[in-house]
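Mind docking chain B on chain G? Use the hints.
In the order they appear, the protein sequences are chains G and B.
So the first sequence is numbered by this note's numbering: it starts at 1 and just counts up by one.
So the second sequence is numbered by this note's numbering: it starts at 631 and just counts up by one.
These are calculated hints, taken from the structure and not from any lab test.
Beta carbons: idealized from backbone N, C-alpha and C, even for Gly.
Don't take every hint at face value.
One-sided excerpt, in silico: chain G residues whose CB lies under 7 Å from chain B [to be verified]:
#1 Lys257
#2 Leu520
#3 Tyr521
#4 Pro524
#5 Val530
#6 His554
#7 Arg584
#8 Thr586
#9 Asp588
#10 Gln589
#11 Tyr596
#12 Arg597
Listed below, chain by chain, are the residues.
Number of protein chains: 2
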Amino acid sequence: MRRYSSVPFSDVAITGAFWSERLEVVLTRTIPSQHKQLEKFNMLRSLKLPKPVPPTTIPPQATGFTTEIFWDSDIGKWVEAAAYALSHRRDAGVEGQIESIVDDLEKAQAPDGYLNCWYLEREPENRWTNLRDNHELYNAGHLLEGAVAYLRATGRDRMLRVMERYIDHIATVFGRGPGQKRGYCGHQEIELALVKAFHATGQRKYLDLATYFIDERGAQPHYFDLEAQARGEAPGKFHQGTHEYSQSHLPVRQQTKVVGHAVRAMYMYSAMADLAAEHGDDSLKRACEVLWQDVTRTRMYVTGGFGPSARNEGFTQDYDLPNDTAYAETCASVAMVFWAARMLNLDLDGQYADLLELALYNNALAGLSKDGETYFYDNKLDSDGSHRRWEWHPCPCCTMNVARLVASVGGYVFGLAGDEVALHLYGGASARLAVAGTAVQITETSAYPWDGAIRVTVDPETPAEFTLSLRIPSWCHDATLAINGTPTAVQTERGYARLRRQWQAGDVVTLTLPMAAERLYAHPDVKADVGRVALRRGPLVYCLEALDQPAPLHRIRLPRGAALTSRFRADLLGGVAVVEGVGRATADQGFAETLYRTEPPTESDAPLTAVPYYIWCNRGPNPMQVWLRE
Amino acid sequence: MRRYSSVPFSDVAITGAFWSERLEVVLTRTIPSQHKQLEKFNMLRSLKLPKPVPPTTIPPQATGFTTEIFWDSDIGKWVEAAAYALSHRRDAGVEGQIESIVDDLEKAQAPDGYLNCWYLEREPENRWTNLRDNHELYNAGHLLEGAVAYLRATGRDRMLRVMERYIDHIATVFGRGPGQKRGYCGHQEIELALVKAFHATGQRKYLDLATYFIDERGAQPHYFDLEAQARGEAPGKFHQGTHEYSQSHLPVRQQTKVVGHAVRAMYMYSAMADLAAEHGDDSLKRACEVLWQDVTRTRMYVTGGFGPSARNEGFTQDYDLPNDTAYAETCASVAMVFWAARMLNLDLDGQYADLLELALYNNALAGLSKDGETYFYDNKLDSDGSHRRWEWHPCPCCTMNVARLVASVGGYVFGLAGDEVALHLYGGASARLAVAGTAVQITETSAYPWDGAIRVTVDPETPAEFTLSLRIPSWCHDATLAINGTPTAVQTERGYARLRRQWQAGDVVTLTLPMAAERLYAHPDVKADVGRVALRRGPLVYCLEALDQPAPLHRIRLPRGAALTSRFRADLLGGVAVVEGVGRATADQGFAETLYRTEPPTESDAPLTAVPYYIWCNRGPNPMQVWLRE
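Pulled out of the complex, with its shape left as it was, chain G reads as follows (with noise of 0.2 Å):
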């Protein structure tokens, strides 16, 4: 099987005006909002060492944490989506922010490189006492992503030095040896920064180290319970009560069900498929491709959104995909652009790029407002008005994972195996690449995802022979093909065009994705969804909002014959696509002296207007519905 790369995404420039636009409000005003909230709750703070130690800001919770105890893995990502901004431009300021950020760090670790804040300050005496619920080696992988990114920026390599030094201790800690403990993280995300870091630096300990944290987990006698009895307490005796919550319940070549917290799940399920490619693998491909089949077979929201349960934040049953309960958060969603990247890479198969582009363009981003400064941490479908976006958040996790995602996002778009050149997405982006012996400019230009007329320009800097791989999203199901204006034949192999010609400098291919507004329907079993349905547009999930409507959104019914047209409304959310049809509005005539009667209410024509789901509840709380009654 053909190993795909991404290509990374400072090595691609986004050229298209909805990333453009989305990209820069992140440069602009998420960051630098962020690191002010940062100082704003004390985060920060709890940085500088030796200090005298302050009550917890964030009071416990019943479940006997504070969600303070994470703080360090908000910073590492803070640095990260920070690092990401100064690739693509650089800005003393906020270089100043994260060197200073890595000052603290510097101070705080111990002389044994062992580096967690809350533990250090706190309870140094209890360190790696409770990996099942504290997210000691969860934190430092954040950190290591920061350092990596940072390091990739700037060329400024004292962070990452902190944390190989850190690193290196964990890896004396944690393995098979004598006197090692045989552990692993609760929340998983180590094993990928541990990738990560092993492809920044070469090193292979990197690589031993997340590959024994993914084979160790759900070894039996469980390390979690081991670890409770050790501090005295009953095994079974916690929040969630079982390890499918963290994905520890089996070996994970033996996990056949999504379970548990759904962005461990997806960081999980992220390492798992870089580590099938490392090492080539089977067993743990195989173990991705059946879990990706089941997620998305029984387990997913029609927006990408995963984890139906604010219980555990997780995954529940088989079609438990309730609407106005939904959690969905924004971290599960920007892990499965991660994990789908990283299948696609070990597959070109077009339902990794499809759910990859469903979760980036709908769950993930809703999770960022239009200002890029306030955010979603769970993702309803249906909402009565009183789903707000928030400034900030006892764990703001989420906050800092969208801004990462949104900055790097070029990295999506590439995919690079020897000969061949793979788009995964479309939207103004351009990459000068290293194909079959030369170098090639690919510039892709379009007004995506409004509208599905795509250019591609291919200049090789010497003619040559290589495979030019177009995505051809499944939701089109009339895509054309032109090369150099001649119309080509769209052959599709799993979801590619592959074109495979001698290419010459000035090639244009025209790929034209036809995107009409189109109905989804859901399996009967999501009970939710029967007798609804949702509306689609080229990869955007679409939603009433109740402003846009002429009657109260409860009231309204889109039926099945109701033609659906879209236009792009200029004025509307600085410019979106629309989806208009004409439903029918339930009157209440009639019902003033009753609640109940025998004759059918009447109903009155409704035009609707629908719009991007990603882009709901940026002019104020207001009910909105993904799933319409039909």
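Leaving out everything else, chain B in the frame of chain G:
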């Protein structure tokens, strides 16, 4: 305005199959099994003072109290239900059980008459310090109702004498005189009990005390606030945080919206109607009418359930009537029957009898299992199969409430006013009544609620002119009447056909109430019901239980055009009329590999069988829906 009085159940013979069966079950199974439960859960032992004080059996809730504080009321309610049983059929065993309770109460009673077993034993110093939360007067009310019922059933007055001493004490503590507390109970109930005591004894002081409690309620400065301050607590800082919870936010005559805890509300409205009748107080009657209009137009379930929310066991906002989380406490519907009966006596208007019948036959009756030994506290209208009947409850209020309702159901059949007899309910009942100066035997025979062919024989001892008012239910659109075989036009006056004539022995009125199965539609602002339809036949609301259907419940819909038929199924659930129709079931064909698709799912015909709502969940837990997709 003509006032009516109910004919006591003890003067009415229940002869029809439907209520005879329920009554027999309550007499032979419910009452004895409840006594066993009272013993098993240490509730009877709680009366045996003094004793070593045991730890609480039911742990205090997060809100700080334990439901054990209400146990006196549960025992009082059991005595009442058991006394009703004795009215039907004396039973030395049951009388012995009540006598033993009276022994305990007599021994427990303080020298000054005070009699609350919780406070006497555990916090004697804290008597009357928290009327808002701790139900002392509520407990007294239920014990008083029990004492009155026991006197009426057996002539034994020892329990009533105990309670009279207690009430005399209460009357010294509460009132507007010097040194008295201007308090009233957070959980209304004693008010209507005092009116019953007045009727039983003729003692005006009971009526005066009830009147004081109702008139004082909601006065400013607010008694509960003063009382909280006296306890050293901030007035606003309590469980529910608002005096709407106990309907004491305003003086009762100023209340226009049904709010707060539904059972408290209904008991209070019942007492208000009682006092309106006793005092000819039109301001109270008018307040009742305004509240009646509010609840029936905006805040009731189609099943005659009240109070959608578990949070306050009560009312929320207009049209907020979710089905899957419906609270609709059994007690609230029992109490609605009490209120409706009183309104009907104030004013012979079919709207009161219609709702009395609806609440009685549907939400209230659903609270008791077919075998008479398990219960529903909350009555959902949509269950995924997890809603189950239970044998006992930390707060077993509903168990005895439904028992006392069924045991006294004959009391809701007849209304009497001088030369008029009104027949409110059908189903087989007979009574000898004093009308227009003569004794009249009225015998109603029918297979109601299964069949609407009703035969009323009127046998005056001597021929006499009087009015026989037969209720024509609002659900019936085409009633026909005949007197001694001669058809008579049905002329209704506010829901009653008032037949005035010289009645002779052997006169027979035949009333035919055709019972077609019908669809009901809800006000379109009831979000949970839009696009859905409920089924009704006669007084019964129907539901689909999953086990009767050919496809999973959530996949089923009942198109508007589908014909509905009904038939009596002797083989089902002891004999019920079912409603049948051919619905449509959504198929999952083609969804094996995808959760969402553009092609609508296919449907196929699905023969549906609906059963009466009151009898659901008597064949094991299984999914159920009242509101079906159309």
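Taking the hints in turn, this is what the structure says about them:
no., hint, verdict
1, Lys257, "violated, 15 Å"
2, Leu520, "holds, 5 Å"
3, Tyr521, "holds, 5 Å"
4, Pro524, "holds, 4 Å"
5, Val530, "holds, 6 Å"
6, His554, "holds, 4 Å"
7, Arg584, "violated, 10 Å"
8, Thr586, "holds, 4 Å"
9, Asp588, "holds, 5 Å"
10, Gln589, "violated, 9 Å"
11, Tyr596, "holds, 5 Å"
12, Arg597, "holds, 6 Å"
Comparing the model with each earlier hint shows violations of hints 1, 7 and 10; every other hint is respected.
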